[in-house]
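Undergrad: Could you build the full structure based on these sequences and the hints that come with them?
2 protein chains.
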Amino acid sequence: MTNAKRLEGVLSPVVTPYTPDYEPDLPRLIAHCRWLLSQDCGLAVFGTNSEGNSLSVDERIELLEGLVDAGVDPKRMMPGTGCSALSDTVRLTKRATALGVAGTLVLPPFYYKGVSDEGLYRSFSEVIQRVGDAKLRMYLYHIPPVSQVPITLGLLERLLKEYPEQVAGVKDSSGDWSNTKAMLDAFPGFGVFAGSELFLLDTMRNGGAGCISATANINPAAIHRLFATWQNADADAQQAQLAELRKFVQSFPMIPALKQTVAHFNGHPGWARLRPPLVELTEAEAQGLISGLEQRGFTMPGLGKAA
Amino acid sequence: MTNAKRLEGVLSPVVTPYTPDYEPDLPRLIAHCRWLLSQDCGLAVFGTNSEGNSLSVDERIELLEGLVDAGVDPKRMMPGTGCSALSDTVRLTKRATALGVAGTLVLPPFYYKGVSDEGLYRSFSEVIQRVGDAKLRMYLYHIPPVSQVPITLGLLERLLKEYPEQVAGVKDSSGDWSNTKAMLDAFPGFGVFAGSELFLLDTMRNGGAGCISATANINPAAIHRLFATWQNADADAQQAQLAELRKFVQSFPMIPALKQTVAHFNGHPGWARLRPPLVELTEAEAQGLISGLEQRGFTMPGLGKAA
Numbered sequence: 004m005t006n007a008k009r010l011e012g013v014l015s016p017v018v019t020p021y022t023p024d025y026e027p028d029l030p031r032l033i034a035h036c037r038w039l040l041s042q043d044c045g046l047a048v049f050g051t052n053s054e055g056n057s058l059s060v061d062e063r064i065e066l067l068e069g070l071v072d073a074g075v076d077p078k079r080m081m082p083g084t085g086c087s088a089l090s091d092t093v094r095l096t097k098r099a100t101a102l103g104v105a106g107t108l109v110l111p112p113f114y115y116k117g118v119s120d121e122g123l124y125r126s127f128s129e130v131i132q133r134v135g136d137a138k139l140r141m142y143l144y145h146i147p148p149v150s151q152v153p154i155t156l157g158l159l160e161r162l163l164k165e166y167p168e169q170v171a172g173v174k175d176s177s178g179d180w181s182n183t184k185a186m187l188d189a190f191p192g193f194g195v196f197a198g199s200e201l202f203l204l205d206t207m208r209n210g211g212a213g214c215i216s217a218t219a220n221i222n223p224a225a226i227h228r229l230f231a232t233w234q235n236a237d238a239d240a241q242q243a244q245l246a247e248l249r250k251f252v253q254s255f256p257m258i259p260a261l262k263q264t265v266a267h268f269n270g271h272p273g274w275a276r277l278r279p280p281l282v283e284l285t286e287a288e289a290q291g292l293i294s295g296l297e298q299r300g301f302t303m304p305g306l307g308k309a310a
Numbered sequence: 004m005t006n007a008k009r010l011e012g013v014l015s016p017v018v019t020p021y022t023p024d025y026e027p028d029l030p031r032l033i034a035h036c037r038w039l040l041s042q043d044c045g046l047a048v049f050g051t052n053s054e055g056n057s058l059s060v061d062e063r064i065e066l067l068e069g070l071v072d073a074g075v076d077p078k079r080m081m082p083g084t085g086c087s088a089l090s091d092t093v094r095l096t097k098r099a100t101a102l103g104v105a106g107t108l109v110l111p112p113f114y115y116k117g118v119s120d121e122g123l124y125r126s127f128s129e130v131i132q133r134v135g136d137a138k139l140r141m142y143l144y145h146i147p148p149v150s151q152v153p154i155t156l157g158l159l160e161r162l163l164k165e166y167p168e169q170v171a172g173v174k175d176s177s178g179d180w181s182n183t184k185a186m187l188d189a190f191p192g193f194g195v196f197a198g199s200e201l202f203l204l205d206t207m208r209n210g211g212a213g214c215i216s217a218t219a220n221i222n223p224a225a226i227h228r229l230f231a232t233w234q235n236a237d238a239d240a241q242q243a244q245l246a247e248l249r250k251f252v253q254s255f256p257m258i259p260a261l262k263q264t265v266a267h268f269n270g271h272p273g274w275a276r277l278r279p280p281l282v283e284l285t286e287a288e289a290q291g292l293i294s295g296l297e298q299r300g301f302t303m304p305g306l307g308k309a310a
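If you read the sequences in order, they're chains C and H. Numbers 4 to 310, taken from my numbering, label the letters of the first sequence in order. Numbers 4 to 310, taken from my numbering, label the letters of the second sequence in order.
To be clear, the hints were calculated from the coordinates, so they are not data collected in a lab. Among the hints, erroneous ones may be present.
What the hints assert, rightly or not - Taking lysine-lysine pairs in the DSBU-like style, the calculated list, with each CA pair at most 30 Å apart, reads:
no.: 1; chain 1: H; residue 1: Lys116; chain 2: C; residue 2: Lys250
no.: 2; chain 1: C; residue 1: Lys116; chain 2: H; residue 2: Lys97
no.: 3; chain 1: C; residue 1: Lys97; chain 2: H; residue 2: Lys97
no.: 4; chain 1: H; residue 1: Lys250; chain 2: C; residue 2: Lys116
no.: 5; chain 1: H; residue 1: Lys184; chain 2: C; residue 2: Lys116
no.: 6; chain 1: H; residue 1: Lys116; chain 2: C; residue 2: Lys116
As the list claims (entries may be wrong) - A few chain C positions that, by computed beta-carbon distances, are all more than 12 Å from chain H:
no.: 7; residue: Asp43
no.: 8; residue: Lys116
no.: 9; residue: Ala185
no.: 10; residue: Gln242
no.: 11; residue: Lys250
no.: 12; residue: Ile293
Yeah, the Cβ is synthetic: ideal placement off N, Cα and C, and Gly gets one too.
TA: Printed below as a string of structure tokens:
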């Protein structure tokens, strides 16, 4: 059921640090990526929780090149490269692929709503053909609560038939396990990543590839442990423990909560900054988050050493 | 109630022609803009119906420069410049303003949903400050059915207080007259454009600036006539006639219907092409549209002469 060569594991949509001028802070991003790798966590930079769509294509290419120049292994990366404009998606996907990333996480074009599967097929097909690189491995990004444009089973089936090598997998952030299960059942061996560790154990038991999860930014080791030991007797207990922490964190606005947590355990308040239109937690929220984490004995061992 | 210096009239979100490779076709865009100007219609290039968000910032800057180089008057333009990434919105708005456009139509950042007014305030405020050009005239673009991110009255009020010169108006494409009316009532003299000619007469009677309407691509003269003569006795009859045609056209998918109509009356089938993820009308839809237009005695006088 599994394909030995496919990408598997736990990845984090790496949160993006900003300077006081809301410019991306490359040195701090490098440091956080290194810490995540030290925790066996792959790097889905420029995902939704990375504020990826608040960055221009030029900014994303510059950050990606900066990471690779700093020695961060592109084979551990799956950058988000799906933009609203076809030309942007092509340029970013092409550059990321040329840099040697393991895969690219590609949103459908997300401005127009109610678009047809035919239109989405043409869009992904154009991207694949224009990138024109045998190394391209595309993971389609299904996140209807945000993009409002779904990736249907019918679209996947058609793309897989035409591009079995390039269309390598999917990230399902629908939050609907029955949809993830339907993808796993329909396409055995396909690289299906759950969009949250809440579904990691179920995903692994059904032949999936792992998960790409917001909270892997702060809790990567425990999530990776479940990925690595999902056949062990304590897997359900591990899953329950992951879920408890996840549900606490997601009781706050997710992206500011992740950045507040990194800021706190890193000792750098600037890490809490978000680029507009997103805003940081209120003082009261931030206190509630940190005290709740401390009550749970939560730590981020080794964080900040490389910064 | 009206401000003598404010921009007023009928504008069209100019449809964007593509080559067979889905590249923007500048010469045909210039020709269509010239025809619209000849019909007293202003140029809201890169709007929703222009497939504006299917074009990269570089592509939009190139087209804008090409139009200005060709002698199309920037004072008749209100290009769409609102992108998902703050840095993209700043770059495009800055270049458009430097080129001397009358205004820029600025979407809120539209990837993240459920964002706060505080976050949107910061976003627009950053754009204004980074563009840093006294000539900037920003029209905020309220189109919740597509962007899913509304421009609230509270946000407008706060922005107008801080930036009374730069925040020049709004385009209301909510399709909800009570919202347009609330904007007109709350901010007398503010440049409120209806998002459709269906609300043109009501907008003018309540002190508005005009409309920016998809169907102005194909029916500009009649829409302008109502704008110019809204105080005449036949205004309600004109409005009813405009509404009848509009409702027929919008019984088809709007953007492909506009392009099919231009293609037909221009004698250039390539005009019907859309960039993915949008798709053209089916054969049957196209026939139904054109025969319906012909039954109504619809024409586009002078179209195609300059192409």
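Undergrad: So which of those numbered hints doesn't the model satisfy?
TA: 8
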